[in-house]
Amino acid sequence: MLAAAFASWIEKLSERAFDMPFLDLLRAQGFYDIHFTHGPYEFGKDFIAKRDEPTPVQYAFQGKAGNIGGPAWMEIFSQLLELASDGPAHSNFDAKLPRRSVLVTTGRLTGKATIGPAQLQAQLRKANLGDFEVWDLDVLKELLTGSPRFGITPVPGLLPVLGHVEAGIPTERVLERELAALIPPAGAPLSHVRRAFVDGSLVVARLVDKNLPFLALHAALNGVRIAAARAHTNLVEGGDLLRDAFDSYISLGVSLLRPLLDTPEDPKVWLSFVGGPSRLPTYPVACVKVLEFLSLAALHREHHGQASEARALVEVAARAVRSQPGAAHPISDRFAASYPPVLTALVRFGQGDLAARLARATAKWVCDRYEASPYGLAGPYANPPEEIRTLLGAPFECINLRERRESLLAVALADASYVLGLPDYDNIINDFLAVGILPYAIHAEDSSDAYTVSKPGTVALVNIRYPDIRTAAPLPHHTLQALPRVSERAGGPAVPLALACLTRDRLFSDVLPRLRPSLT
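Residue numbers for the sequence shown follow this note's numbering, so the first one is 14 and each next one is one higher.
Hints were generated in silico from the structure; no laboratory data involved.
Treat the hints with caution; some may be incorrect.
[Said to hold, decoys possible] Quick list of the computed label-pair ranges, beta carbon to beta carbon:
1. Arg527 <-> Pro387: 34 to 44 Å
2. Gly170 <-> Ser264: 17 to 27 Å
3. Arg190 <-> Leu293: 25 to 35 Å
4. Ser321 <-> Leu414: 41 to 51 Å
5. Leu496 <-> Ser264: 28 to 38 Å
6. Ser104 <-> Asn440: 53 to 63 Å
7. Phe90 <-> Pro69: 22 to 32 Å
8. Pro69 <-> Pro202: 16 to 26 Å
9. Pro202 <-> Arg292: 39 to 49 Å
10. Gln136 <-> Pro84: 18 to 28 Å
11. Gly83 <-> Asn396: 45 to 55 Å
We treat Cβ as the ideally placed atom computed from N, Cα and C, and that holds for glycine.
Can you build the whole structure from these sequences, using the hints too?
Right under this line is the structure:
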């Protein structure tokens with residue numbers, strides 16, 4: 014099953030879409046001093062890397078997508094000569110080492126192209142330019158599944174995850190639970206962590222194939238979790254991994270959500286994206302998930318000095334908040350974790366009035382649900398059918414529901430309103446009290462276990478008491494973790510908020526005070 018799944022994934026990849034998984038594969042298989050050199054001065058080399066066999070060998074890679082026939086081989090022949098040349102694609106390219114040039118293709122050589130590699134190999138050896146080989150679909154499958162030549166094999170937990178994906182439509186909760194099996198143990202070599210990234214990419218790809226974009230994005234956050242867990246062992250390695258994982262998440266989101274990002278002010282397009290009026294309850298889910306993605310991406314970009322990109326992302330989010338009524342209609346507590354990053358990103362980029370409007374409208378929606386029904390909204394562990402039953406089933410005696418007054422959404426909105434200085438904080442708190450809402454959350458310790466729902470190290474925060482008015486003092490439950498968490502120190506404040514969006518039952522909102530804009 015794994016070999017077939019890997020083959021299917023590879024065959025569908027475009028040339029550049031394979032870049033990040035390929036880099037992780039190289040790292041997992043013992044390559045080092047790896048550099049992505051694709052560009053106008055690459056000298057035919059998309060990547061360069063070294064590997065000890067047992068002495069160092071200098072590798073250079075040229076990537077292509079799909080099958081390569083005779084005419085295509087002739088077209089790329091000059092690039093392959095450049096690939097094997099001494100051209101300085103990067104200052105770390107060591108022309109003095111034994112050299113191996115590799116053509117990497119997600120397809121196979123066909124027709125007259127099949128005799129080309131042997132001819133090129135002879136030509137290069139005659140010129141003392143090293144060896145040449147082709148890594149086609151079959152070699153890439155070997156690289157992915159493991160072999161005597163490529164010894165790092167898939168994570169054992171990969172097959173059960175794929176089984177859930179192939180058996181039907183998994184829920185976010187199932188994905189969070191099953192993907193936790195991909196997290197390498199604390200003492201694992203860095204190559205195993207990189208291999209876990211690759212395995213996660215396969216799960217994401219299968220969800221994309223099934224046209225499940227929001228579940229694919231949810232699965233991509235597991236890469237952030239893997240990297241954050243590594244930060245507890247090695248902060249520097251964790252930081253590098255977190256940037257790679259977050260960048261992959263953003264690239265995926267921009268690709269999958271492009272129809273919505275291009276039309277943030279058109280509810281009809283957004284409704285059509287989720288299947289039309291017959292799928293109406295899915296529309297607010299799409300609204301909240303798109304805003305979640307945009308805000309996490311913006312906060313990550315801002316932390317890494319890409320303020321203009323971050324501002325552009327927040328502008329799209331702002332247009333959606335103004336135009337998409339579903340943005341203020343979360344269907345359950347499963348979406349509570351989406352609101353702190355959204356409100357924070359709006360405030361940080363000069364959209365404080367809009368953040369206040371969103372918080373006020375969402376709080377009103379939550380209060381209306383709890384006032385109209387003793388069942389409120391479903392909790393963070395509910396599956397989609399349970400969410401719909403709780404949202405729509407109160408008038409029907411035949412539907413059995415459990416009375417529920419707890420609310421994680423209340424905590425998300427109250428925490429963000431207090432810390433970010435939103436003007437309706439006191440009204441929001443009073444409205445929650447008036448309809449009998451009990452703010453409820455989970456506080457997780459600063460450990461790698463905090464990123465997995467089933468792991469220990471959490472404390473229930475029951476009926477959280479909020480101050481009547483805002484002051485300069487921190488919220489009492491934020492003092493439980495007054496210092497930045499390890500994941501925040503490694504990758505920035507967007508990381509704990511992203512992990513909250515993966516676990517969905519905890520907010521890590523103690524990061525918010527460090528995201529509050531300065532008054533000076």
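Discussion item. Of the numbered hints stated earlier in the document, which are not met by this structure?
Written reply: none
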